[in-house]
Amino acid sequence: MDLKTSGKPASVEEKEVLDAILSKIDQPDPDRNGKILTDGHGIPSFNSGGHRDLLLPALHALQERIGWISHGALDYLSIQLGVPPAETYGVASFYSMFSLEQAPETVIHVCDDIACRAALNADPAEAMGQRFGSDSRVSDNTMWVRSPCLGRCEEGSAALIQHSGSAHRRVLMAPFDVDDLANQMRKPVLEWTNTDSVRIPQRETAPDTLRLLRRVGVVDPSSVDSYKVHGGYEALRRALEIGPENVIREVKDSKLMGRGGAAFPTGVKWESVARNTVRPHYFVCNADESEPGTFKDRVIMEQDPFSIVEGLTIAGYATGCEKGYVYIRGEYPLAEERLENAITAARTRGLLGKNILGRDFSFDIELRRGAGAYIAGEETALFNSIEGKRAEPRNKPPFPAQAGLFQKPTGINNVETLINILEILSVGGIAYAKIGTPDSSGTRLFCLSGSVSKPGLYEAPFGVKLGDLLEMAGGVASGKTLKAILLGGAAGSFVGPDQLDIPLSFEGVRTAGVTLGSGVVMVFDQDADMNQAILRIAQFFREESCGQCVPCRVGTVRQEELLTRLATNNMIGSRSDELELFGSIASVMRESSICGLGQTAANAVESALKLGLFQG
Amino acid sequence: MSNGVAVSIQRTVKITVNGSEFTAPEGSTILQACRSEGLEIPTLCYLENLTPVNTCRLCMVEVQGSRTLVPSCSRKIEPGMVVNTESDRVQASRKMVLELLASSVDMSIVSDELSEWMERHQVDKERFGPQALPAQLGERETTHAGHHVRGDGTLAATVFEPVKIDNDQYVRDYSRCVLCYRCVEACGTDAQNTFAIALGGRGFEAHITTEYDVPLPESACVYCGNCVAVCPTNALMFKIEHDMRQAQTWDESRQTLTRTICPYCGVGCNLEIHAQDNKIVKVTSPLDHDVTSGMLCVKGRFGFEFINS
Ligand SMILES: Cc1cc2nc3c(=O)[nH]c(=O)nc-3n(C[C@H](O)[C@H](O)[C@H](O)COP(=O)(O)O)c2cc1C
Ligand code: SF4
Ligand code: SF4
Ligand code: SF4
Ligand code: FES
Ligand code: FES
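Chains as they are written, first to last, in my numbering: chain A, 173 to 788; chain B, 3 to 311.
Misleading hints may appear alongside valid ones.
Calculated lysine-lysine pairs in the DSS-like style (CA-CA distance at most 25 Å, straight line) [as the list claims (entries may be wrong)]:
no., chain 1, residue 1, chain 2, residue 2
1, A, K568, B, K241
2, B, K166, A, K180
3, B, K166, A, K176
4, A, K568, B, K97
5, A, K626, A, K606
6, B, K16, A, K176
7, A, K637, A, K626
8, A, K176, B, K301
9, B, K16, A, K568
10, B, K301, B, K281
11, B, K166, B, K16
Hints listed in this document are in silico derivations from the structure and should not be mistaken for laboratory results.
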């Protein structure tokens with residue numbers, strides 16, 4: 173096939189940027205070369221050189237250096253990778269961190285999401301408007317835009333500065349204050365600094381209760397040696413001693429369930445990848461953390477990155493992989509830097525690469541960066557994203573263990589799930605299973621945010637009561653009274669002050685009809701504007717839907733419209749007519765959407781309506 | 003294999019649908035199995051000769067043991083599967099999918115079959131409020147992913163926008179587009195291998211587009227018209243038909259259909275010539291034809307314009 177393009181030329185600089193990425197191709201990938209791939213849900217993709225997966229890295233490079241993706245650059249890239257320009261455009265226009273029109277040098281993404289709102293009891297982006305004028309308006313090569321949760325909720329406000337040019341930077345500031353921001357921006361770009369704070373209140377009060385977070389805030393995140401001094405790489409050693417089958421047995425014995433939201437038994441997943449006779453196998457660490465209110469994975473990546481490298485290496489060993497990927501959200505610059513450094517350091521020390529620790533086992537890890545899309549955290553959407561496609565979820569079956577990344581058997585786990593593996597190998601699967609409750613083994617990370625005295629990351633055995641957790645965090649901020657708690661994130665549900673005795677275990681929340689999701693515990697006090705919070709959740713799903721299936725693409729729009737009508741008393745018919753209509757929208761999204769986004773998009777809203785939290 | 007006679011052993015699978023048990027060939031989808039028994043299930047994005055994308059969710063059915071409904075067009079049957087195609091859950095989902103579509107997309111010229119389904123479910127396109135006015139040309143296409151302006155909720159958002167007329171062969175009226183992905187598949191590996199169009203944008207602003215929304219003549223399009231042939235809602239329409247509809251002269255009851263073999267080359271594509279008042283108004287190809295599967299090239303599809311002129 174000859175690709176036809178518009179013939180618009182790329183500039184010298186654009187070519188230089190792209191050539192640097194494309195020069196990484198030393199040979200066509202024999203496994204994926206020159207084939208027309210049809211991905212899991214049947215969308216055909218032409219892939220001439222087998223390197224379409226460089227599409228996202230190349231678009232990132234353009235965005236960073238040039239500040240936007242021009243038609244000429246897109247055509248040049250398309251030809252080089254053998255991807256039709258219409259498809260490249262389709263990919264670029266899917267992600268919110270890419271600009272397809274000339275954009276200012278500096279774009280400030282300000283979080284106006286629910287946890288920061290609940291902490292401030294105000295719109296966190298309001299101060300920006302007062303200082304810099306309305307959003308999306310360009311002044312002095314700068315503009316600001318509103319952003320969904322930036323994973324820094326424990327600070328109560330956050331902003332990501334995306335600066336392009338030869339000195340390009342991404343900087344995540346939290347807490348963020350308009351004056352600090354303005355001061356920072358007056359300094360040379362290279363002096364802008366990422367916030368590097370850690371909030372683990374248990375560190376002071378009960379350090380012995382920390383297992384997964386044992387090293388966080390103690391270990392030097394940049395040093396293999398420091399990691400080893402704190403027990404690092406003992407789990408990998410043990411794994412290599414007992415062999416892949418026994419590692420899987422330990423994981424099965426531990427009854428570990430995935431921490432990414434779906435709570436699937438990890439051992440079962442690993443076993444089905446390991447047993448699949450199709451080769452190669454891949455293992456992916458899901459570090460896309462974008463569920464509003466969630467910041468646990470970021471803390472681990474920033475403060476204990478080697479634990480992820482080690483956990484993923486063990487996963488690769490147990491499931492017969494030679495290649496692993498970490499897919500990290502694009503809004504996490506410090507986490508990315510630390511993780512990249514850890515991967516390089518591990519490679520230098522023979523802990524990645526050929527013959528790891530002198531054994532007949534080779535494994536390496538590649539870091540891939542997302543570009544602003546919550547849906548890319550859904551596992552099959554994530555595979556598409558790595559493959560250089562739009563992050564649209566695939567229909568399941570087939571499941572990842574049968575046909576995942578590049579249509580090969582693939583294991584995928586959340587960051588928190590993977591670091592539990594280290595714990596399992598160090599205490600043994602059976603001993604691990606005794607922590608927590610019989611049906612929910614181990615400890616769990618909880619992200620406490622909003623109106624709480626000591627926001628931060630907490631670790632507690634499964635089964636801990638919601639109220640006890642709130643107490644550990646010092647209760648509601650400034651001694652105010654509790655109005656509601658959002659459990660599990662935007663895809664979770666609200667619970668009322670009378671539900672503090674819910675045991676936080678998989679079975680405990682199931683009985684209560686709620687979910688643990690990604691471990692979000694977001695506190696709203698008496699003064700919280702619940703209507704704004706609930707509308708923000710509806711907006712989130714409407715803006716993050718991939719748009720593929722009708723129930724979610726249109727349903728999330730109708731849900732937001734309906735809530736706006738309720739809030740402004742502009743109802744179609746009576747309030748009960750509107751509630752009935754809401755019920756129908758919620759049910760078609762839950763029953764008939766392709767993926768978890770649409771299936772859960774009405775959960776939080778529905779629970780809020782049930783609890784009478786929404787006024788109107 | 004040498005000179006042997008290929009013996010195909012067709013294995014069958016026993017399933018139960020709406021309470022009655024029957025067998026269907028192994029590897030069939032629920033939809034295929036049901037249709038072979040004469041059971042009706044509405045579909046929109048599915049087309050026999052294209053890879054199922056299962057995005058419209060109109061064909062959802064209930065399968066015992068499954069938490070959610072499942073798309074019958076792509077789920078394969080399994081031994082002992084218990085399916086319900088008519089339960090209240092299924093009916094409720096079907097009605098809502100149709101209403102969500104009709105509220106946001108212009109479905110005024112869809113197939114008789116789909117119209118019938120919409121009537122059967124008493125689809126009310128204004129159930130979510132009066133429909134919002136069309137966007138400006140290019141407005142939906144340039145919306146930045148992850149951003150939108152919240153209205154007051156009193157008007158139901160739509161995908162309405164002006165018709166795109168940029169060539170003499172066909173027009174693109176994306177107010178009618180249900181995002182079934184069929185045209186993209188037909189332009190891609192399922193037939194044409196041209197890849198002139200793709201999905202762009204995200205969420206409610208997702209749309210079919212060329213790169214940077216350039217007009218078709220600047221794109222890779224070769225005017226085979228295969229995308230037009232597969233479009234279920236007439237979002238893609240041949241220019242002649244579009245013009246005649248505008249002039250209110252389009253009248254299918256006055257049209258005749260003649261089958262012939264395409265004269266342009268030796269492949270032997272089957273053509274269906276639609277004529278009105280002795281003038282050729284459209285050329286299609288039967289879906290079930292083993293050479294074309296409904297697909298043609300620009301000569302077969304548009305060569306008639308030389309005859310007409
Ligand atoms: C819309 C959506 C977003 C998701 N985002 C994430 C995410 O950011 N991180 C994550 O680990 N899992 C996420 N998941 C869950 C993944 O699909 C998958 O279940 C998980 O990565 C499996 O890992 P685990 O078994 O270790 O939990 C998401 C799911 C959905 C439906
Ligand atoms: S449910 Fe939403 S996010 Fe998931 S595939 Fe459908 S449209 Fe995309
Ligand atoms: S006419 Fe043919 S080449 Fe042009 S967009 Fe349609 S299918 Fe593709
Ligand atoms: S233009 Fe037609 S064929 Fe293409 S996606 Fe829209 S409705 Fe489907
Ligand atoms: S950083 Fe603001 S809500 Fe998470
Ligand atoms: S016909 Fe099955 S999902 Fe569209």
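Now for the hints, and whether the structure bears them out:
1. K568/A with K241/B: violated (39 Å)
2. K166/B with K180/A: Distance ~23 Å between K166/B and K180/A Cα, so the pair holds.
3. K166/B with K176/A: holds (21 Å)
4. K568/A with K97/B: Answer holds: K568/A to K97/B is near 24 Å, not above 25 Å.
5. K626/A with K606/A: violated (29 Å)
6. K16/B with K176/A: Not satisfied, since the Cα-Cα distance of roughly 49 Å exceeds 25 Å.
7. K637/A with K626/A: Between K637/A and K626/A the Cα gap is close to 17 Å, so the pair holds against 25 Å.
8. K176/A with K301/B: holds (20 Å)
9. K16/B with K568/A: holds (22 Å)
10. K301/B with K281/B: holds (17 Å)
11. K166/B with K16/B: Violated, at about 49 Å.
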